[in-house]
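There are 2 protein chains.
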Amino acid sequence: MVQKPAPDSTRRSEKSRRAIYDAALTLVAEAGYAKTTIEGIAARAGVGKQTIYRWWSSKADVLLEAFLDLSGQYAEAVAAPEESQYGIPDTGDLAADLRYVLRATVDEIMDPRFEAPARALSAEGVVSEQFAQQVVSRLLEPQLQLYVQRLKAAQDAGDVRRDIDPRIALELFVSPLAQRWLQRTGPISYAYTDALVDYALNGLAPR
Amino acid sequence: MVQKPAPDSTRRSEKSRRAIYDAALTLVAEAGYAKTTIEGIAARAGVGKQTIYRWWSSKADVLLEAFLDLSGQYAEAVAAPEESQYGIPDTGDLAADLRYVLRATVDEIMDPRFEAPARALSAEGVVSEQFAQQVVSRLLEPQLQLYVQRLKAAQDAGDVRRDIDPRIALELFVSPLAQRWLQRTGPISYAYTDALVDYALNGLAPR
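Chain order of the listed sequences is A and B.
Residue numbers for the first sequence follow the working numbering, so the first one is 442 and each next one is one higher.
Residue numbers for the second sequence follow the working numbering, so the first one is 442 and each next one is one higher.
For reference, chain A alone in the conformation it holds in the complex (with noise of 0.2 Å):
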């Protein structure tokens, strides 16, 4: 069945959302979040303010958005083939998965495309509590639970002790990671989160 080439109407509005979208990134990045006004992303984007407060009710929901279409971008990229939801490969190597995937944060995390606006709305979020609160349960919270999944599911295998919480758990390799990028701590490679799993999984205490 060959599919019908999208009305007009929709590419004219997928591409001005696409400009939105940049717009509202390239301006929180370079200004701030206070000093990002939904008038600025308009004229950056080249489209009426109306256009934007059809589809989205605040800055906040239109930075959030334009941010989380970046992240999802990442995602795809990153995704390993033999996962449909871009979430965290099962390929029975509980350690090797995790590194997988913290490595291929690194990558994310380090992107300048991805860290100016990334550190302006965590600045954000730090001082807001409200807008922290969007930031955790459309952003964090969902990204979060992908590592509760692969925990509980290495419980099952018998890989991960049982009486652990996975929610708290998942924090012990990627909370690390988190501060080192937000509080710029300590330096960040590929060998640190390499060391963080082995620590979470085998524990600091001797066998």
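Hints in this document: simulated from the structure, not taken from any laboratory.
Nothing false has been slipped in among the hints.
No distinction is drawn between identical chains; accordingly, a pair holds when it is met within one copy or between any pair of copies.
SDA-like mimics (lysine to any residue), calculated; alpha carbons at most 20 Å apart, straight line:
(1) 593 x 639
(2) 593 x 528
(3) 500 x 570
(4) 593 x 607
(5) 593 x 648
(6) 476 x 569
(7) 476 x 568
(8) 593 x 643
(9) 593 x 633
(10) 593 x 646
(11) 593 x 606
(12) 500 x 454
Once you've looked at the hints, dock chain B against the given chain A.
Just chain B now, with coordinates in the frame of chain A:
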């Protein structure tokens, strides 16, 4: 030997310094880092601008020292009696010592007097590499080095694997708390930090 009272000028200086610290922390908590100025701090503290410039070279400098002073007050308040350096206790029970210091950290970061300025300064560090480097070198890294020392003592005592890097290992229990606080990714409690200590020391994999 009886200590002589401080000369009037020293007492006046100490009083001004205290007023400047209080003004700096109140202003940054209310207005954020970008909108806080030396002029505003001076006006609120009831001192001349030149009084501030006599002691500090920049806004970043006075804000950081004000915050270091506040953190120092907490460190004194929670210091274990046996610890003259306000470091991490070494009772010989690593898990208990880590639970103790992380619970004290929970108390600190949940205290509104600490939280508001800490969030304003942390947010600036997320977007400004230069400011973050000062926060890390003057505040965060010295605190993290206390954990490094405690983990090295634990390695000597045979309680921690000798092949781990203590500077990375400490992040398994410190960074999850930091991320929950910075990004509001989950609730913070003693039960949570106790679990982090258990998971980090004993590992997620079955023994």
